[in-house]
Amino acid sequence: GAGVSQTPSNKVTEKGKYVELRCDPISGHTALYWYRQSLGQGPEFLIYFQGTGAADDSGLPNDRFFAVRPEGSVSTLKIQRTERGDSAVYLCASSLFKGNTGELFFGEGSRLTVL
Amino acid sequence: SQQGEEDPQALSIQEGENATMNCSYKTSINNLQWYRQNSGRGLVHLILIRSNEREKHSGRLRVTLDTSKKSSSLLITASRAADTASYFCARTTSGTYKYIFGTGTRLKVLA
Numbered sequence: 001g002a003g004v005s006q007t008p009s010n011k012v013t014e015k016g017k018y019v020e021l022r023c024d025p026i027s028g029h030t031a032l033y034w035y036r037q038s039l040g041q042g043p044e045f046l047i048y049f050q051g052t053g054a055a056d057d058s059g060l061p062n063d064r065f066f067a068v069r070p071e072g073s074v075s076t077l078k079i080q081r082t083e084r085g086d087s088a089v090y091l092c093a094s095s096l097f098k099g100n101t102g103e104l105f106f107g108e109g110s111r112l113t114v115l
Numbered sequence: 001s002q003q004g005e006e007d008p009q010a011l012s013i014q015e016g017e018n019a020t021m022n023c024s025y026k027t028s029i030n031n032l033q034w035y036r037q038n039s040g041r042g043l044v045h046l047i048l049i050r051s052n053e054r055e056k057h058s059g060r061l062r063v064t065l066d067t068s069k070k071s072s073s074l075l076i077t078a079s080r081a082a083d084t085a086s087y088f089c090a091r092t093t094s095g096t097y098k099y100i101f102g103t104g105t106r107l108k109v110l111a
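Keeping their order, the protein sequence lines are chains A and B.
Letter 94 of the first sequence, counting from 1, is numbered 94 in the numbering used here, and no numbers are missing.
Letter 110 of the second sequence, counting from 1, is numbered 110 in the numbering used here, and no numbers are missing.
No wet-lab data here; the hints were simulated from the structure.
Glycine included, C-beta positions come from ideal geometry on N, C-alpha and C.
No false leads were mixed into what you were given.
Restraint-style ranges between C-beta atoms, simulated for each label pair:
1. A:Thr76 / B:Arg41: 21 to 27 Å
2. B:Lys56 / A:Pro8: 36 to 42 Å
3. A:Arg64 / B:Asn18: 41 to 47 Å
4. A:Gly3 / B:Asn22: 28 to 34 Å
The following block holds chain A by itself, in its conformation from the complex (with noise of 0.2 Å):
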């Protein structure tokens, strides 16, 4: 596909259960961002890569999130003994930087629902 695609769409988990998301970024775009967004707010910064290495990862908001991007191209993103309070839609974007002027491509989200 052209687009951003992320996996799952949909994700009901009980708290305290571990969660993978899945973001697979348009083809050749080098750098890779995820985002969380609850309802009524715009999206909350996490972590973005640049090729395989996380340039920036200040958002993630505790250790129990990881997010690995192996080979500069999937990423996951890595949730531990989930909380009620993770429940959110979680976004991923890439990006072909020239400069500093990237434009941000999203997927539709994963919509994350801890119980």
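Add chain B to chain A, keeping to what the hints say.
Same frame as chain A, but now just chain B:
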């Protein structure tokens, strides 16, 4: 909070009217972008304005940037019912590619 402020939080207008929404921020920026989000969907890029630019146009969209006031505005002219969505500004600061989004303006255009 890392988010900037946008106002109004919500805006309801009649089709054909113009819609103006504003974005304010606290630190110096590299560039500022505007995005649109339809309910339950991903965000779509609308327009980018660099810190050394004051105004840009794209179709019915007009964006202004006032770095002295640390604010930007998005004007949608001759609005249509299909413009109903949430609109967000996003900015980067010098030396980083980290985009910080505002709280958004929810626009409703009545047919």
